[in-house]
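Engineer: Each chain, written out:
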Amino acid sequence: MSLLEVDRIDAYYGQSHILRDLSLEIEDGEVCALLGRNGAGKTTTLRCVAGATPPDVRSGEIRFDGDEVVGRETEDVSISGIGLVPEERRIFPNLTVEENLHLAEVSRNSSNLIGRNLSQVSETRPLREIYDAFPRLDDRQNQMAGTLSGGEQQMLAIARALRQNPRLLMLDEPYEGLAPQIIEDVEDAIRRISEEGTTVLLVEQNAAAAIKIAERCYIVDQGEIVYEGPSEELRADEETRQRYLGV
Amino acid sequence: MVLETAIEILLNGLQQGAIFALLGIGLSVILGTMDFLNLAHGALYLIGGYAGMYFIRETSLSAGYLNSIGVDAIGLGLGFAAAMILVPVFGFIVGLLMERYVAEPFYDRPETDQLLVTFGLALIVQEVIKGMLGGNTFQPTAPTTLFGINVGGPVMLPIIGNYPQWRLYLVGIALFVIGLTYLVIEKTDFGLVVQAGTHDSEMVRMLGIRINRSYSLVFAMGAALAAFAGLIGVSFQTVSPQIGTERALIPAFLVLVVGGAGSVIGAIFGGFVLGITVAGMTVLASQWAQIVLYAVAAGVLLFRPEGLFGSKGVVE
Ligand SMILES: Nc1ncnc2c1ncn2[C@@H]1O[C@H](COP(=O)(O)OP(=O)(O)OP(=O)(O)O)[C@@H](O)[C@H]1O
Ligand SMILES: [Mg+2]
Chain Y
1 MSLLEVDRID AYYGQSHILR DLSLEIEDGE VCALLGRNGA GKTTTLRCVA
51 GATPPDVRSG EIRFDGDEVV GRETEDVSIS GIGLVPEERR IFPNLTVEEN
101 LHLAEVSRNS SNLIGRNLSQ VSETRPLREI YDAFPRLDDR QNQMAGTLSG
151 GEQQMLAIAR ALRQNPRLLM LDEPYEGLAP QIIEDVEDAI RRISEEGTTV
201 LLVEQNAAAA IKIAERCYIV DQGEIVYEGP SEELRADEET RQRYLGV
Chain V
1 MVLETAIEIL LNGLQQGAIF ALLGIGLSVI LGTMDFLNLA HGALYLIGGY
51 AGMYFIRETS LSAGYLNSIG VDAIGLGLGF AAAMILVPVF GFIVGLLMER
101 YVAEPFYDRP ETDQLLVTFG LALIVQEVIK GMLGGNTFQP TAPTTLFGIN
151 VGGPVMLPII GNYPQWRLYL VGIALFVIGL TYLVIEKTDF GLVVQAGTHD
201 SEMVRMLGIR INRSYSLVFA MGAALAAFAG LIGVSFQTVS PQIGTERALI
251 PAFLVLVVGG AGSVIGAIFG GFVLGITVAG MTVLASQWAQ IVLYAVAAGV
301 LLFRPEGLFG SKGVVE
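Same order as they appear, the protein sequences are chains Y and V.
Its first residue numbered 1, the first sequence is counted upward by one per residue in UniProt numbering.
Its first residue numbered 1, the second sequence is counted upward by one per residue in UniProt numbering.
Honestly, the hints are just simulated from the structure, not real lab data.
Think of the CB as a built atom: it goes at the ideal place given N, C-alpha and C, for glycine as much as any other residue.
Fair warning: there could be bad hints in the mix.
Now the in silico label distances, taken between C-beta atoms and shown as ranges [unchecked claim]:
#  : chain 1 : residue 1 : chain 2 : residue 2 : range
1  : Y       : E105      : V       : L168      : 36 to 46 angstroms
2  : V       : G120      : Y       : H17       : 53 to 63 angstroms
3  : V       : P140      : Y       : E105      : 39 to 49 angstroms
4  : V       : I93       : Y       : E195      : 47 to 57 angstroms
5  : Y       : E27       : V       : F303      : 48 to 58 angstroms
6  : V       : R100      : Y       : D237      : 50 to 60 angstroms
7  : V       : D72       : Y       : L113      : 48 to 58 angstroms
8  : Y       : D56       : V       : E58       : 21 to 31 angstroms
9  : Y       : D67       : V       : Q290      : 54 to 64 angstroms
10 : Y       : D56       : V       : E186      : 31 to 41 angstroms
11 : V       : E202      : Y       : R58       : 17 to 27 angstroms
According to the in silico footprint, chain V covers these stretches of chain Y (three or more CB under 8 angstroms from chain V) [what the hints assert, rightly or not]:
#  : segment
12 : 85–97
13 : 124–134
Please take these sequences and the hints and turn them into a complete structure.
Structural biologist: Right, dumping it as C-alpha cells:
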C-alpha cells in the first residue's frame, strides 16, 4: 500500500471543475514531484490532500496511510501526519520565530486533542533538532517572523511543518522568489528531510529544479495527470517537457 | 487652573478609556479571529450593567411589565464585590451561548447577514429590558467598601483637591483586568492560537489545531469583558436601555477602527485615546464631544485603514 493514494478525484471551486479524474500515488520514503504550468491545478491538488476547503472534492477518494481524507477537517488530516509548506509561505508575521514553531506543540495539548477522533498522533520533532537543521532560525528565535528575509521565511515555513513531525511533507513551490544561493540551502534541507525518512511531495513549475531532488515525477495539466515516470526519463523526454511545461 | 483642568480631564479620560478598552478588546479580537463583526457587543455591556445592578442592590421599579404585575423592587443586594465575580461569569455564559447559537451558524454567511442578525439581537435585548423594567434611567451606585477596604467618599488629591475616591479605584480595577487579559493573550498557548488566528486561521488549522475551540473561548471572554465594563459603568454612570448602543457599541467600534482588528494592544491604546478625547471635549466643548470621536476615527481610517496596530483592514 502506498503512503498516499489519490484515487480518481474530481474537485471544484464552486461551479468550476478544476481537477478531473486525477490519480497519483506516493510511496513511503520517496521524493516525488508534481509538475505543471501556472493554473494547472498543483496547489488545488495539495489542498485536497490536506483536507482544506475549498476546493470541494465531489468524487474519488484520497487515502493517507489507508485512511480516507475526503470529508475530514483539515486539522485532523494535518495531525494524522501530513505537513504542508504552502505557496506564499503563510508564516505568522505577528509572532516570533519561536512562537511560530511552538504552534505544532500546542496542537498536542490535551485541550486540543480531547474528543477528536484521531488514531495516532506522533510526538512533535524536538525544537533543538529543528534549530540544528536551520541555524539561521536559531540565531533569530525572538525576531518577529514578519521581519525575516524571504529566504528565512521559507526556512521557517519548512521548519514549522517539520516541527509537526509529519510522515508526508508537501512543499508548494518552495523556491519561488529566492536567490540561487538560498535555493541551494532549501534543496539541501529537503534532501536531509528525505534522508531522515520523511516522504516528500514537491510541487514545482520548473522541471529541472524538481528533477534534481525527486526520484519520480507527475505532470498535471488542466487538472489532469498527463505524465508519470522516473525523473531520469523526464529529463531525457524533451518533447513532454516542451509540451506541458513549456521548457 | 489649566493644570487643574488637565488633571481632571486625564482622570475622567482614564475612567472612560478603561471602559472603552474593555469593550474594544472583545470586539476587536472576535473580528480579528473569526471575521465576525458582532453588533450585539454593546448588548453585552447593557446586560452587564443591568445584571450588575441586580446583583449589587435592590432597585425599585416604577414602570415596565414587572411593575405592572406588582413587582415593586428587584435585586439581590449582594454588594459590589460579589457582582465583580458574578457579572463576568454571567457574561461569559451569555457569550458561550451567543457564539454557539447566534454567531457560529453565521460564520460562513455573508457579512451583511452577520450584521443583521447581531444588530437584531442587540435590539431585542434592549427592547426586552425596556419592556420588563421600563425605560427609566437608574442612578449609579458606587460601593463604599470593597473587600474590607474603604473605597467611598472623597480623597484629597494635590492640585485638584477633593475627588471621589471610588473613581480612582475603578481605574485601578479596570487596569488590572485589562492587564490580565493582555497576559492571557501574550503568554498562554490559548493567546498564541488567537494571535496566529487573527492573521491566518486556516494555516492554524493546518498545524493540527482545532481553532473552533478557541473561538468559543474568545467569544465568551470578550463577552465577559464587555459585561464587566457594564458593571464598572454602573458604578459611576446612569443606566438605561440605550446605553448598549450609545455608550458601548459605538465607542467600541471607534476603538476598533483606531486600534485595528485583532490587536489587544491596539484596543487598549485606542480605548484610552478616545476616552481622554471624550473627557477633554466634554470639558472644553461638550456639544462637540461625540463628533470629535468620529473625527479621530475617520482620521485614522484615512491614513491607516488597518488601524494603528492592526494588520488588515477593518472595513473591507
Ligand atoms: N479559490 C479559488 N476559487 C476559484 N478558482 C480557483 C481558486 N483557486 C484556484 N482557482 C483556479 O483553479 C485553477 C488551478 O489553480 P491552482 O492554484 O491549483 O494552480 P497551480 O497549478 O497551483 O498554479 P500556480 O503554479 O500558478 O500556483 C486555476 O484556474 C485557478 O484560477
Ligand atoms: Mg499554486
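Engineer: Hint compliance check: list the failing hint numbers for this structure, sorted ascending.
Structural biologist: 2, 8 and 13
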